[in-house]
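Chains as they are written, first to last, in the numbering used here: chain A, 1 to 318; chain B, 319 to 641.
Because the hints were derived from the structure by calculation, they are not lab data.
Quantities reported herein were computed from a predicted structural model and do not represent experimental measurements.
Warning: the hint list may mix true and false statements.
[Claimed, not checked] Per the computed footprint, the stretches of chain A lying under chain B, defined by three or more beta-carbons under 8 angstroms from a beta-carbon of chain B, are: (1) 84 to 96; (2) 137 to 151.
[As the list claims (entries may be wrong)] Cβ pair distances, simulated, as ranges: (3) A:L310 <-> B:T358: 37 to 47 angstroms; (4) A:L310 <-> B:A590: 49 to 59 angstroms; (5) B:T358 <-> A:E302: 55 to 65 angstroms; (6) A:S313 <-> B:L559: 39 to 49 angstroms; (7) A:S181 <-> B:I374: 48 to 58 angstroms; (8) B:A366 <-> A:G317: 27 to 37 angstroms; (9) B:D347 <-> A:Q25: 12 to 22 angstroms; (10) A:R54 <-> B:I374: 28 to 38 angstroms; (11) A:D134 <-> B:Q593: 34 to 44 angstroms; (12) A:A265 <-> B:V350: 27 to 37 angstroms; (13) B:D599 <-> A:T55: 50 to 60 angstroms; (14) A:E176 <-> B:V502: 54 to 64 angstroms.
Glycine residues also receive a C-beta, built at the ideal position from the N, C-alpha and C atoms.
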Amino acid sequence: MDAEQTRAVLAMMWRIRAFEERVGQLKRADEVHGLIHLSIGQEGVAAAVCGQLRTADAVYSGHRAHGHALAKGASMARALAELMGRRDGLCRGMGGSMHLVDVEHGFLGATGVVGGNIPLALGSALALRAAGRDAVAVVFFGDGAVQAGLFAESVNLAALWRLPVLLVCENNGFAEFSPRSAHTPVERVRDVVAPFGLAGGTVDGNDVDAVWDAVAGLLPAVRAGEGPALLECLTHRLRGHYEGDPDRYREAVSSAEWRERDPIARLQRAATGDGRLDPDELPGFERAARDEVERAVLAARESPFPDAALAASLVYGR
Amino acid sequence: MITTYARAIGAALATAMRADPSVVVLGEDVSVGGPFTVTTGLAEEFGAGRVLDTPISEAAICGVAIGAAQSGLRPVLEIMYVDFLTLALDQLVNQAAKARFMSGGQLGVPMVLRTQGGAGQRGAAQHSQSLESWLCHVPGLKVVMPSRAVDAAGLLASAIADPDPVVVVENKILYPRREQLPEVVEPVPIGVAATLRPGRDVTVLAMSRMVSESLDAADQLAAEGVEVEVVDPRTLVPLDLPAVLDSVRRTHHLVVAHEAVAHGGFGAEIAATVQKAAFDDLDAPVERVGAPFQPIPLSPGLEDAYLPDAASVVAAVRRVLGR
Ligand SMILES: Cc1ncc(C[n+]2csc(CCOP(=O)(O)OP(=O)(O)O)c2C)c(N)n1
Ligand SMILES: [Mg+2]
Numbered sequence: 001m002d003a004e005q006t007r008a009v010l011a012m013m014w015r016i017r018a019f020e021e022r023v024g025q026l027k028r029a030d031e032v033h034g035l036i037h038l039s040i041g042q043e044g045v046a047a048a049v050c051g052q053l054r055t056a057d058a059v060y061s062g063h064r065a066h067g068h069a070l071a072k073g074a075s076m077a078r079a080l081a082e083l084m085g086r087r088d089g090l091c092r093g094m095g096g097s098m099h100l101v102d103v104e105h106g107f108l109g110a111t112g113v114v115g116g117n118i119p120l121a122l123g124s125a126l127a128l129r130a131a132g133r134d135a136v137a138v139v140f141f142g143d144g145a146v147q148a149g150l151f152a153e154s155v156n157l158a159a160l161w162r163l164p165v166l167l168v169c170e171n172n173g174f175a176e177f178s179p180r181s182a183h184t185p186v187e188r189v190r191d192v193v194a195p196f197g198l199a200g201g202t203v204d205g206n207d208v209d210a211v212w213d214a215v216a217g218l219l220p221a222v223r224a225g226e227g228p229a230l231l232e233c234l235t236h237r238l239r240g241h242y243e244g245d246p247d248r249y250r251e252a253v254s255s256a257e258w259r260e261r262d263p264i265a266r267l268q269r270a271a272t273g274d275g276r277l278d279p280d281e282l283p284g285f286e287r288a289a290r291d292e293v294e295r296a297v298l299a300a301r302e303s304p305f306p307d308a309a310l311a312a313s314l315v316y317g318r
Numbered sequence: 319m320i321t322t323y324a325r326a327i328g329a330a331l332a333t334a335m336r337a338d339p340s341v342v343v344l345g346e347d348v349s350v351g352g353p354f355t356v357t358t359g360l361a362e363e364f365g366a367g368r369v370l371d372t373p374i375s376e377a378a379i380c381g382v383a384i385g386a387a388q389s390g391l392r393p394v395l396e397i398m399y400v401d402f403l404t405l406a407l408d409q410l411v412n413q414a415a416k417a418r419f420m421s422g423g424q425l426g427v428p429m430v431l432r433t434q435g436g437a438g439q440r441g442a443a444q445h446s447q448s449l450e451s452w453l454c455h456v457p458g459l460k461v462v463m464p465s466r467a468v469d470a471a472g473l474l475a476s477a478i479a480d481p482d483p484v485v486v487v488e489n490k491i492l493y494p495r496r497e498q499l500p501e502v503v504e505p506v507p508i509g510v511a512a513t514l515r516p517g518r519d520v521t522v523l524a525m526s527r528m529v530s531e532s533l534d535a536a537d538q539l540a541a542e543g544v545e546v547e548v549v550d551p552r553t554l555v556p557l558d559l560p561a562v563l564d565s566v567r568r569t570h571h572l573v574v575a576h577e578a579v580a581h582g583g584f585g586a587e588i589a590a591t592v593q594k595a596a597f598d599d600l601d602a603p604v605e606r607v608g609a610p611f612q613p614i615p616l617s618p619g620l621e622d623a624y625l626p627d628a629a630s631v632v633a634a635v636r637r638v639l640g641r
């Protein structure tokens, strides 16, 4: 990443971090509703991947989707309003955290069914290719989704049809409350897909420069129609599976060690160390992000709740 | 033009594909027509780019159709047997049916899922079911179930043009049936029933294969002086309730006939709805014709006995009339 790219990615990571920390507070205050899965500690993947996409590229995500939505361009205020179930939310209060959608920015959506988003991205890729566009589809999912049948079916199909799709696995080593070793004997997702000949590999997902470089290396070929790629990003969530989760199951995992590897702190150290960024500019990223969040909170609180007639009108298009 | 139910569907697909380049067909073995030859000839005319053979991955190909529909195509997905729709139900129910709603109206899923059900070919318990009532239970899906070639073609045209996911449940026994069709088949609007035989004494609301069985039953009963009105809803969701009520208000008796297991079948929903809306017009409780609550047996005598037919309709009409 050059200095400009680094600034953009760092700003995005801070926006996601500030947004999600505030969402955690608002959840405890019962102002946002439903199951809330935060990606604190994993922001680098969303920022480095989406930072290299175009609006026309389609992005799908799963239950831990706030970062992907924001990084693809969704308005923070409208995302927050959605989590609050308000009428000015991205989805007019009908979807919430696990169903964020922002078609205008090419965020085709989050889904609460683990693995359910993967074939949707393939279909989107098929349509983008049929339209003769050099757009790609990208889907984010966790390591838990890899054991779903849909993953195997989708990897096979993406490879068979050479679809312009980038599969991004955020391997945080946990699915809900249990470690990857309790789900599968295959540690690395890269090994699961080995026979299919996908481009890609495994990177340290908390090393944002490494994620950026990996994506920069893969994306042109996917865009050019040379077939799908899978990028496995090793990362760690610094919060529980969902907000309110007692988080006792992870005592074995040293939080201190992972805090050391916090992707924001790490990028700031790297970028100031090699002179891309001036140490003086660092506080501005966090401040700008927290200010934006407070404005988003005020705006979202202003929005009314949707009425039943609106809900009833959204079931069918005709 | 004399054609078959299967050929009429194939021709409707070709017509839609000629008119709209965004229409694509995908499914297992569709390029060679599949087991029922419905899609025969499409690959030759439209090429492998628009007639896509898929691996045996019902869940993923359903998801692919949904994603493609969300990004500008109008996919027509074939699930070879409705029995295998179980594998695709997560995608259909959790993604396709809810995308518009959950996205606050941003996403549409203009896809068609064609499948076929029904017994009568000794297919046994996993290749013969009628599972449409599951689909009717899911807000966001539309469900059509044509009984005639003209409706199969006309409803398919409307389904492809529809902004919502539409499931077309065809019937394997009907595929080879011959029928006289006009040169140009007009689209049949979704949600509009058809009265296939007028009658004064009792309304038989029949679906899919049970329509022709009900027409046979009506012939038999006419000989006894009982005039049966046969109504085919054609679309189950959204149901043309006004048409059903209009008929029931004239005949004061209703029999609902489908091949699916009666227990929890769509006939139960119709019976409840009609009894609520037209209680004072009914002279007797609504009667239902459906299969018994057991899997479909292989053994020919057992399968024949299991399947509702014209005699089942005659018996139900007699019950509802108290004769
Ligand atoms: C099909 C399905 N099964 C179970 C769940 C419940 N569930 C929600 S998140 C989750 C764990 C997912 O783990 P992973 O894919 O690794 O994502 P992460 O939470 O680590 O980001 C489970 C089991 C679900 N939402 N969907
Ligand atoms: Mg995980």
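- Message: Checking each numbered hint in turn, tell me which of them this model violates, lowest number first.
- Response: 4, 6, 7, 9, 11 and 12
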